[in-house]
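Asker: Numbering-wise, the sequence shown is residues 846 to 1310 according to the numbering used here.
It should be emphasised that the hints constitute simulated quantities derived from the structure, not laboratory data.
All of these numbers come straight from a predicted model, not from anything done at the bench.
All C-beta atoms in this analysis are idealised placements derived from N, C-alpha and C, irrespective of residue type, glycine included.
Any given hint might turn out to be false.
Claimed, not checked - With a Cα cut of at most 20 Å, we get these calculated SDA-like pairs of lysine to any residue:
(1) LYS903 - ASN930
(2) LYS1204 - ARG936
(3) LYS963 - ILE980
(4) LYS1072 - THR1088
(5) LYS1078 - ALA1155
(6) LYS1220 - HIS1189
(7) LYS901 - SER1203
(8) LYS1162 - HIS1189
(9) LYS1269 - LEU964
(10) LYS903 - ARG936
(11) LYS1055 - ILE1103
(12) LYS1072 - HIS1062
(13) LYS939 - ALA1089
(14) LYS903 - PRO1245
(15) LYS1101 - THR914
(16) LYS963 - GLU986
(17) LYS1269 - SER1159
(18) LYS1131 - ILE1289
(19) LYS971 - LEU981
(20) LYS939 - THR1255
(21) LYS1063 - ASP1051
(22) LYS901 - LYS963
(23) LYS939 - GLU1102
(24) LYS1101 - LYS903
(25) LYS1269 - CYS1258
(26) LYS1101 - PRO1133
(27) LYS1220 - ASN894
(28) LYS1063 - ASP1091
(29) LYS1162 - LEU1151
(30) LYS1078 - LYS1199
(31) LYS1093 - LYS1078
Claimed, not checked - Ranges of calculated distance between the beta carbons of each label pair, as one might list FRET restraints:
(32) GLY1205 - ASN977: 56 to 62 Å
(33) LYS971 - SER947: 34 to 40 Å
(34) ARG985 - HIS1062: 21 to 27 Å
(35) GLU1066 - ILE951: 36 to 42 Å
(36) MET1096 - GLU967: 19 to 25 Å
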Amino acid sequence: MHLCGELNIQSYTTSIGINGKPFIPIIEFGDQYVGLWGPVVRLILFNPNYIQDVLKTKYMYYSKTSLLTGLLSPIIGTENLLLSNVSTHSRARKMINPAFHSSNLISMIDIMTEETSKLLNEWIEKINNSNNKIILEMNREFSGLTLDIISNCAFGTGIINEYEAKEVIYDTFSVIIDMFINRLMNLVGVLPIIKYLPLRSKRETDNGVKKLECIVHKLIEQRKQGKSQSLCKNNDLLDLLLTAKDSKTGMGFNNKEIRDHVITFILAGHETTANLMTWTMYQLSKHPDVLAKAREEIESVLGNQLYPQATNLSQLKYIEAILQESLRIFPPVALIDREAIIDHEIHDNQNDTKIFISKGTTVLIPIMVIHRLDKLGWTNPETFDPTRFLNPEEKLYRHPYSYLPFSIGTRNCIGQNFAMEESKIMLSMILQRFNFELVPGQNIVPDLKIALRPKNGLYMYISQR
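Could you put together the complete structure from these sequences and hints?
Answerer: Structural data, given as structure tokens:
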């Protein structure tokens, strides 16, 4: 298979809206593109048939990239669902899965509504103490709330609810994603020695990791000493990390694995949902017709009920479609990367084509671009239209690998159902109680790094309905 020329990384990143640049469709680059960054060959894929081979059919031929592993492993380790190899990942996934079964998710709904209610009551108090309107930076608000929720649902404790802990986690993650993009954008960044140099970003990260490890150690020890317990119907994530046994070997997780999993779930378990909620609020502020329809559904389904329940949460179809559309336009994780561990071929059987992938090749899957390509079945892709997810015919027309907000295949996001339930609860409770509008004069642009945050934050006026 012939690969199109060579795509400069700056050209590519500008095209998909990185560093504040507007999104420019790059379909003219073709279905795949290859470029060299020092010694590293990077193949960028837009063809969903090839993507299916990479993420599902031949997933065992790939690991996470050396760049991503080198950046994240000093913080989250390697024995976790994000960076572990195929065999370790499969074992851990089977042992952790029960924490995210539907019966356990149902028991988490009360925790989600309670934590959301606490934050919204704080907003009301601030509004009452002001001139009936306050300004909030929504990404930090949602980051704090999602940390509270993951803390209580997964670890049965409010230790992460402490203000200092929230700041450590938020700021540490910010440094991590800044380091990632700086190394991605600079050729020197591919050199392994970079991560050992005493640069300012490394010092900041090391300091944040030490604080984060203290939080995690305290959290684990509290459970071991019986000072905390699961708030769910069944064992929570921390219970499983401490007690689950491999069905084949009878072995449980060792201390390093427990540490790595806890840190990973703390960071990944709140950041993506916080970004989803932030971008959803932005979209609703720009589309009053969608907002009005959402409120109609909430009033119809919930009535005078203050909190969503397990019995009616599934009826919020339009709310769910809003979140799905927000994930399409601004996927919290905008780029998937893989590194080939053996020589092999990937195939597009539909068009009878193939590409040879040599060992060490980095494969990049730009989710944000794929979600905006009309040739993949996205009608008017630049339009925010939740109804596209309520139309069965349109869904059938789309390729199943053209929508990847939580990845897909064996390494998809284990917490995707958790995140969607959590987001439906937060959004419905906010729309019930508050009016909101963008603070004028902001330059709101996506900052495409590991996670897709608004580059300058998202400030809103909040008032009670």
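Asker: If a hint holds in the structure, say so; if it doesn't, say that too.
Answerer: Structure-based check of all given hints:
For the hint pairing LYS903 with ASN930, the CA-to-CA distance comes to about 14 Å; that is within 20 Å, so the pair holds. For the hint pairing LYS1204 with ARG936, the CA-to-CA distance comes to about 25 Å; that exceeds 20 Å, so the pair is violated. For the suggested pair LYS963 and ILE980, the alpha carbons sit about 18 Å apart, so the restraint of at most 20 Å is met. Taking the CA atoms of LYS1072 and THR1088, the gap is about 16 Å. The hint holds against a cut of 20 Å.
Under the criterion of a C-alpha separation no larger than 20 Å, the hint pairing LYS1078 with ALA1155 is consistent with the structure, at around 13 Å. A distance of roughly 28 Å separates the Cα atoms of LYS1220 and HIS1189; the hinted pair therefore is violated under the 20 Å criterion. Annotation: proposed proximity of LYS901 to SER1203 holds, straight-line Cα distance about 18 Å (limit 20 Å). With a C-alpha separation of about 42 Å, the suggested pair LYS1162 and HIS1189 falls outside the 20 Å cut-off, and the hint is violated.
As the CA atoms of LYS1269 and LEU964 are separated by approximately 16 Å, the hinted pair is consistent with the 20 Å bound. Simply put, LYS903 and ARG936 have alpha-carbon atoms about 18 Å apart, close enough for the 20 Å limit, and the pair holds. A C-alpha spacing of about 16 Å is found between LYS1055 and ILE1103, which places the hinted pair at or below 20 Å, so the restraint holds. The straight-line distance between the Cα atoms of LYS1072 and HIS1062 is roughly 13 Å, inside the 20 Å bound, and the hint therefore holds.
Taken as a hint, the LYS939 and ALA1089 pair is honoured in the structure, with Cα atoms around 10 Å apart against an allowance of 20 Å. With a C-alpha separation of about 17 Å, the suggested pair LYS903 and PRO1245 falls inside the 20 Å cut-off, and the hint holds. Under the criterion of a C-alpha separation no larger than 20 Å, the hint pairing LYS1101 with THR914 is consistent with the structure, at around 16 Å. Taking the CA atoms of LYS963 and GLU986, the gap is about 12 Å. The hint holds against a cut of 20 Å.
A distance of roughly 9 Å separates the Cα atoms of LYS1269 and SER1159; the hinted pair therefore holds under the 20 Å criterion. A distance of roughly 12 Å separates the Cα atoms of LYS1131 and ILE1289; the hinted pair therefore holds under the 20 Å criterion. Note on LYS971 and LEU981: the hinted pairing holds, with a Cα-Cα distance of about 10 Å set against a maximum of 20 Å. Among the hinted pairs, LYS939 with THR1255 is consistent with the structure: their alpha-carbon atoms are about 11 Å apart, no more than 20 Å.
Between LYS1063 and ASP1051 the CA atoms are separated by roughly 19 Å; this keeps the pair inside 20 Å, and the hint holds. With a CA separation close to 41 Å, the supplied pair LYS901 and LYS963 exceeds the 20 Å bound. Distance restraint check for LYS939 and GLU1102: the Cα-Cα separation of roughly 14 Å lies within the 20 Å cut-off, and the hinted pair is therefore satisfied. In summary, the hint linking LYS1101 to LYS903 is not supported, as the alpha carbons are separated by about 29 Å, beyond the 20 Å threshold.
The straight-line distance between the Cα atoms of LYS1269 and CYS1258 is roughly 18 Å, inside the 20 Å bound, and the hint therefore holds. For a cut-off of 20 Å, the pair hint linking LYS1101 to PRO1133 is broken: about 49 Å separates their Cα positions. Only pairs whose Cα atoms come within 20 Å are accepted, and LYS1220 paired with ASN894 is accepted, the gap being roughly 13 Å. Of the pairs offered as hints, the one joining LYS1063 and ASP1091 is violated, with about 26 Å between alpha carbons and a cut-off of 20 Å exceeded.
Using a Cα cut-off of 20 Å, the hinted pair LYS1162 and LEU1151 holds, with the two alpha carbons roughly 18 Å apart. With a CA separation close to 48 Å, the supplied pair LYS1078 and LYS1199 exceeds the 20 Å bound. With a C-alpha separation of about 27 Å, the suggested pair LYS1093 and LYS1078 falls outside the 20 Å cut-off, and the hint is violated. Roughly 60 Å separates the CB atoms of GLY1205 and ASN977, a value that falls within the hinted 56 to 62 Å.
Checked against the given bound of 34 to 40 Å, the beta carbons of LYS971 and SER947, roughly 36 Å apart, stay inside it. Evaluation of the 21 to 27 Å hint for ARG985 and HIS1062 yields a pass: the beta carbon distance comes to about 25 Å. Taken as a hint, the range 36 to 42 Å is violated for the pair GLU1066 and ILE951, whose Cβ atoms sit roughly 29 Å apart. Look at MET1096 against GLU967: about 44 Å separates their beta carbons, and that is not inside 19 to 25 Å.
Checked against the numbered hints listed earlier, the structure breaks hints 2, 6, 8, 22, 24, 26, 28, 30, 31, 35 and 36; every other hint is satisfied.
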